[in-house]
Amino acid sequence: MEATIEVAGLRKRFGKILALDGMTFTVRPGQVTGFVGPNGAGKSTTMRVVLGLDAADEGSALVGGRPYRSLRNPLGRVGALLDAGALQPGRTGRDHLLWLAHSQGLTARRVDEVAELVGLGPAARRRAGGYSLGMRQRLGVAAALLGDPPVLILDEPFNGLDPEGIVWMRGLLRSLAAEGRAVLVSSHLMGELQDTAGHLVVVGRGRVVADTGVEDLIAAASGGRVEVRTTARPEAMAALATAGATVAATGRDTLVVSGPAAERVVALLTAEAVPFSGVAAHRATLEEAYMDLTRDAVEFRADEGAVAGREAAQ
Amino acid sequence: MSTGTGTPYRSSLRTGRDGFIHLLRAEWTKFRTVRGWVLALGAAVLVTVLLGVLLAAGSHTSCSKGPVEAPCPPLPTGPGGEAVEDKFYFVYRPLTGDGSITVRVTSMTGRIRLPDETPGVRNVVPGVVPWAKAGVIVKESGEQGSPYAAVMVTGEHGVRMQHNFTHDTAGRPGKVSGKSPRWLRLTRAGETLTGYESADGVNWAVVGTVRLARLPDTVRIGMFAASPGDLTVTRGGLGGLSAAVRFAEVTAVFDRVGLGGGVPGGAWNRQDVGVTTGFDGSPHHPGGFVESGGTFTVTGVGDVAPRADGSKIELPLTGTMTGLIVVIVVAVTSVTDEYRRGLIRTTLLASPRRGRALAAKAAVIGAVAFAAGLAAAGIVVPLGVRILRAGGNDVLPVAALTELRVIIGTAALFAATAVISLAFGALFRRGVAAVVTAVTVVVLPHILATTSVVPEGLSQWLLRVTPAAGFAVQQSIPEYPQVIGHYAPAAGYYPLAPWAGAAVLCGYAVLALGLAVLLLRRRDA
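In order, the protein sequences belong to chains A and B.
Going by the working numbering, the letters in the first sequence line up with residues 1 to 314, in that order.
Going by the working numbering, the letters in the second sequence line up with residues 1 to 525, in that order.
Don't take each hint at face value.
Some, not all, of what chain A presents toward chain B, calculated at C-beta under 8 Å [as the list claims (entries may be wrong)]: (1) 29; (2) 53; (3) 82.
By construction, these hints were calculated from the structure, which means they are not laboratory data.
Beta carbons are placed, not taken as given, at the ideal position from N, Cα and C, and that holds for glycine.
Please construct the entire structure, taking both the sequences and the accompanying hints into account.
Printed below as a string of structure tokens:
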């Protein structure tokens, strides 16, 4: 089976709300694909449709080329973490994994392996009702890894993790992808995916806003701008503006220059003998890039909400 | 950060397919790892057993011998092992080898005691109860419960041939009178007995032929009369029913008596079989016999029939309904808890084919409920019967297979109820709604029907068309058409045969489960 997730033209309506509006993207193996967007953008709904839990009104969602509902040993094909809180509180973590293992013909030995892998330790034999959110996330990841699947779908796995846990989760996701798995990770906080995701599917209002590599996205958000550090700000601004660049002061001794490349900026400043302590390509953070992309989507939502509110009031 | 595709991931795990057997194992693991459910099921067994034992231990019966209490004599049992009534007036001669008896019955009259109109004054009126019987009989001995075959006229059911208490064959209908007498004949050839009837003593019709296994060479042959008591059922104040049986006797007149075969000459013997004696040793409601010039007048009280009153082996199963309510709660919770916690999604991820997922759940909850029911009934029926008998109570004996059916049937009742409850849980996805519905359709109709708070006709229908029909599996003593009794749900008689009742319940279980599967497939999880 090819380790891919192919989502094409998904549409789904819950009453008046259009939850998915032509959602289309593909998740490839060998990298972590971040699935990001504001709350309510349709991330969880898309995941539920991919996993055969919800039915889409239109479109198709395939895992390794097949609909989830047709998979025969599903946990060996796709591992999923949807809601870490979905546990019977009276059952121990190990027993939770055990019944899942039994459902796929797996043994208790595999249960102990994954419990070890996610660092559940002795807590595995305690009742899940007493678990912290972080523990539940680890148990949920263990459940997803139980069948050693080539495709992983994790909904907000960073939720509730402490800083140490976040570092651990990032490392785990990267290593799972490095083994050649397709890993789809949703998050509403872009920062969580920094240094983890190689590819991003950014969604808003039920459809894909951007489907791009992380490097490309940051480069686009950076917009080819150059940051200059100088103690002679006015002189530098004058010199660059004369050469036709757009210049903006961003601090007492920093400027951001749009237009010329870094080499050209260095040449211009050197020619006018303006002192400077640094010239660097301005690099936007993933967070900034994401905010740029989703700003419109968020605003639209706010408008829609207002209209709906008025309608309800009448 | 890797960006390329590289080699796709190959798992080193050997995973099986999602075979149904795996799903069953997973559901069993799910069930047994929640301690609350296991304990609750244990409690269902315990409460069923305890209520039964409590009821049995609270029942005591004793008989009096004069002013002193004494243990009651054991119930006579027939050749089939069942408890029997064997009380009649017997006028007989010994018969060795083959032979026959022929009589003409010219009159059948009787007396019935009705409820007193003036307190303290017996209100006895002339009359014959429907199943009063008089005729000719061949019986192994004078022992109560010994094998017999008889041809008889009855109060309202025409000519019958009956043998060994539970068997009854109809002959010609109609009442006996001087204008319309009945000729009856019974012949014995080895173990085979044949009954005949005739209106004129010339043209004879066979009523039936029966075989009495291991009938000894010498038996008794003669005339008999017996009349069961008159049954009145009255509605009490709170809708309850009370049944009362009052004294009735029958007097039959025989003439043209003819004996054939190995009957020695001499006088007729008489025996008031099974007559009870009062304080002073004199018989209570004795029968009688007068012979005058070839005319025999025989008066008898009692019945020759299977016995319907006495405790039944299912009496200790009184806690079944309470046990079932606990089972309902466990079965509903086992599925609604998954909805409440969102765990149903995990279940459906592991088994995306939803019909199979729910079927596996139903199979497991059904199996554990069956085990609980088997344990409860398997303990409380033998134990309760033993306690009842120790308390001096008559418990109507039944065949081992019948007892087994009552026990296994109760287990099936638990199982089917669990499956219905699980289906309701999946349909409603809310615990309280599902529990209330399950109790309403399974337990409530049974309570209404057996406590006679609703009219008897409605009770009968409730136990035919609702899942409560399944309680019929617990009935150990069948309804005998040849015995008048208060065959009402309140008295433990169900309108459907045991397995028919079970089939109704199972039908509902299948229906509910099918509906639940249909909705589970359609709905988003």
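Legend entry - Restraint satisfaction for residue 29 of chain A [CB to CB of chain B, less than 8 Å]: Nearest chain B Cβ about 5 Å off; hint holds.
Legend entry - Minimum beta-carbon distance criterion (8 Å), residue 53 of chain A to chain B: holds, 4 Å
Inset, instruction - Double-check residue 82 of chain A for me: the hint is only fine if its C-beta lies closer than 8 Å to a C-beta in chain B. - result: holds, 6 Å
Against the hints set out earlier in the document, no violation occurs for any number.
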